[in-house]
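Take the two lone chains, each set in its own frame, and fit them into one complex as the hints suggest.
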Amino acid sequence: MTIAGTVTEWGFINPHPQIYFDAKNGKGEIEHWAAELLPTPSMMKNMKVGWSRTTLVPGDQIVLVCNPPRAAGAKACLAKELKVNGKAWPVAPGGAAPGAAKGKQ
Amino acid sequence: MGWAPLVTITAASTLVVCAQAPQGFDAHDLSGHWNRTSRFQTFSNVWSGQGPTQGTEEAPFTEAGKARFEKNKPGYGPRAVPPAVGNDPMGTCDPLGIPRLLNTEVISPHQTMEIVQVPGRMIQFFEWHHDWREIFTDGRKLPPGDEVDPSWNGTSVGRWDGDVFVVSSVGFDDRTWLDKFGYPHSENMRIEERYRRRDRDTLELTMTLTDPETYTRPWVSDTKVFRIDREKSQRWDEQIYCVPTEEYKFNQRVRDVAGGKDSKQ
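Keeping their order, the protein sequence lines are chains P and R. Each residue of the first sequence is one higher than the one before, counting from 1 in this note's numbering. Each residue of the second sequence is one higher than the one before, counting from 1001 in this note's numbering.
Derived by calculation from the structure, the hints in this document are not laboratory data. Cβ coordinates follow ideal geometry from the N, Cα and C atoms, glycine included. Just so you know, not all the hints are guaranteed correct.
Unchecked claim - Result set (DMTMM-like, lysine to aspartate or glutamate): computed pairs, CA atoms no more than 25 Å apart in a straight line:
1. R:K1232 <-> R:E1213
2. P:K48 <-> R:E1238
3. R:K1261 <-> P:E9
Unchecked claim - Cβ-Cβ distance ranges computed for the label pairs, FRET-style:
4. P:E9 <-> R:D1173: 35 to 43 Å
5. R:G1055 <-> P:P68: 45 to 53 Å
6. R:Q1239 <-> P:H32: 28 to 36 Å
To be verified - Facing chain R, a subset of chain P residues (Cβ under 8 Å, in silico):
7. I13
8. N14
9. P15
10. H16
11. Q18
12. A34
13. E36
14. T40
15. P69
16. R70
17. A74
18. K75
19. C77
20. A88
Excised from the complex, chain R in its bound form (with noise of 0.2 Å):
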């Protein structure tokens, strides 16, 4: 928790310094719009070719989560093609999902994470594709995964452990990716989030992926490191959508020339 001097002048000009109060903060309270400020657009420190490849390392595939990796394309890193020969779901404005859209698409400083928490739920909008993911907290047990059909955005029950706000999640829809980068995973993927709310400006978190069929261990994420954006509150919606229209006339008269896929020649 951090402090700041309370600083007091009296009548007589003679500077007195009363104590010292806390900046405050509540550490069960994560409300705000967050922007991340940590490096990797990646769930790991896996290479994207952001940058150096020293200390980076390998995704855990099983073999069939690498032949599925390498079935994706995506429009970024070192393995990027153009849009025409690519299949990422964010070409065709499909849904990005979670944990997408805490690793990727959080990013300073206006495609913000906005947390609101209301009694029984917490929610999470991502300013970016305009979406939006519940979490109970109303002390529910997280359904069996094989119990729940797939969804985008998985399904997700919240609780406190200490300061330490742990989300887990189940089903989703196997057709999103982890990042922009074509990691994989399967509808049997569970996922642990853990927040933190570190300082009254920062919060972390770290995620922990198992899904046997696609790596062969628990997979840490890095902590992801979030800056609070109060301007951003006083803003207008942006409203940032992905309009298929708009997307599907950037990739074929920008992104695909640009690649050599002009799908006019």
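This is chain P alone, in the form it adopts within the complex (with noise of 0.2 Å):
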């Protein structure tokens, strides 16, 4: 699944990196959502792209590709894919995300 929001909280921390931003459903109404990046914030760090705990900051648009959440209609996701402002980011250790082709961003 892919959302497209805005970042209102980054949290590069223990266990694992995560994201909260806003996303409009399809009836045009904000909804609060999180996403769990898999890495823990030292192995992000080790890719060495860039992670940082100011990577993110509220405002930024993101669109997210997602594991869909264990409990149907739920508002919390692993994120797979990551673009930050029409940059992609690598969010899986070995370089980029699983699906994150070049020429993406």
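So this is what it looks like as structure tokens:
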């Protein structure tokens, strides 16, 4: 599933980094979402692509590709791909996120 | 033991193969940072949802052991539930204990186990939860299990049996699990760990767990394989603590929500 939204909070903390964001549903209503990134902050820093406590700030526009949440309709998911203000950021150790093909940025 | 050719080039540019020299490693030196590379995060090859069920086997539970297993509600694997209705000790940053630290929580490349050998002791440092454990090697005898107070990582002594480092432990707090999938143990669990440095870069570990209250027979683990991580020792200490306030927030705002147990609803 793909979700677009606006960052409200970024937590670069253990056990897994978290993005909190607002997204509009099909009716145009704002919904509050949470997304988890699978690697730990240490693993993400070791990617050496710039992950840090300030990589995201409130107001950033993001597009996420997520695994569907375990419970249908839940507003939390595990992110597999992430774009921040149009730029793709790897969210898996060893390079690009699954499916984040080169040239997508 | 591995061998590498020594190659030299003479002044006359003649290639000379001088000899074969061993790639140095001391089988009795287990020191270094190690990452587990073997597949199972369980004590043995029980099914954990990590792969096909073929080749896996059920734990040899006693009736009481099976009952305790059913009471444990993990956040991972085929029996996973959201933290709001689970009781994984990790959800509250409680100590994880031995053997869970060895089975589950040593994962490349950051959750390493560092072994430090000093006179009379071998110490294992676990990056995940920033925990450590002492194994006495000064020749003392392991006390009877009923004479030591239960502790999170048990009471351990070690000795060399040839090139195998044998660790015997008793006195475990039964609030810990064997892994993150909810396999239980009693306070009377005994564990024998057998470490062998297979080559310069590889460490093997096999464990035998004896706990008649929980398992009908001594239960032997799969062979855990660890690969040395020399880069890790050059990085700053990562200090991966389990911070209760952060863990609680994460569980409440992400895991519980994803699992349909939103506490705000």
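We went through each hint and held it up to the structure:
1. Restraint check: the Cα-Cα separation between K1232 (chain R) and E1213 (chain R) comes to about 40 Å, which exceeds 25 Å; the hinted pair is violated.
2. Between the alpha carbons of K48 (chain P) and E1238 (chain R) the distance comes to roughly 15 Å, so the proposed pair stays at or under 25 Å and holds.
3. This hinted pair checks out: K1261 (chain R) and E9 (chain P) have alpha carbons roughly 21 Å apart, not beyond 25 Å.
4. Distance hint check: the CB atoms of E9 (chain P) and D1173 (chain R) are about 37 Å apart, consistent with the given range 35 to 43 Å.
5. A C-beta distance of roughly 29 Å is found between G1055 (chain R) and P68 (chain P), which places it outside the suggested range of 45 to 53 Å.
6. Distance hint check: the CB atoms of Q1239 (chain R) and H32 (chain P) are about 31 Å apart, consistent with the given range 28 to 36 Å.
7. At about 5 Å, the closest approach between the beta carbon of I13 (chain P) and any beta carbon in chain R falls short of 8 Å, and the interface hint on this residue holds.
8. For N14 (chain P), the interface hint holds, since its Cβ comes within 8 Å of a Cβ in chain R; the closest pair sits about 6 Å apart.
9. The restraint placing P15 (chain P) at the interface with chain R holds, with a minimum CB-CB distance near 6 Å, inside the 8 Å limit.
10. Here the hint on H16 (chain P) is kept, as its CB sits about 7 Å from the closest CB of chain R, short of 8 Å.
11. Annotation: interface hint on Q18 (chain P) holds; nearest CB of chain R at approximately 6 Å, less than 8 Å.
12. The beta carbon of A34 (chain P) is positioned within 8 Å of a beta carbon in chain R (closest approach about 5 Å), and the interface hint is therefore held.
13. Interface restraint check: E36 (chain P) against chain R, minimum CB-CB distance 5 Å, threshold 8 Å, status holds.
14. Because the beta carbon of T40 (chain P) sits about 6 Å from the nearest beta carbon in chain R, less than 8 Å, this interface hint is met.
15. Here the hint on P69 (chain P) is kept, as its CB sits about 4 Å from the closest CB of chain R, short of 8 Å.
16. The restraint placing R70 (chain P) at the interface with chain R holds, with a minimum CB-CB distance near 5 Å, inside the 8 Å limit.
17. This hint holds: A74 (chain P) has a C-beta 5 Å from the nearest C-beta of chain R, less than the 8 Å allowed.
18. For K75 (chain P), the suggested interface contact is upheld, since its CB lies about 6 Å from the closest CB of chain R, less than 8 Å.
19. Here the hint on C77 (chain P) is kept, as its CB sits about 6 Å from the closest CB of chain R, short of 8 Å.
20. At its closest, the beta carbon of A88 (chain P) sits 22 Å from a beta carbon of chain R; the interface hint therefore is violated under the 8 Å criterion.
The structure does not agree with the numbered hints 1, 5, 20 stated previously, though it agrees with the rest.
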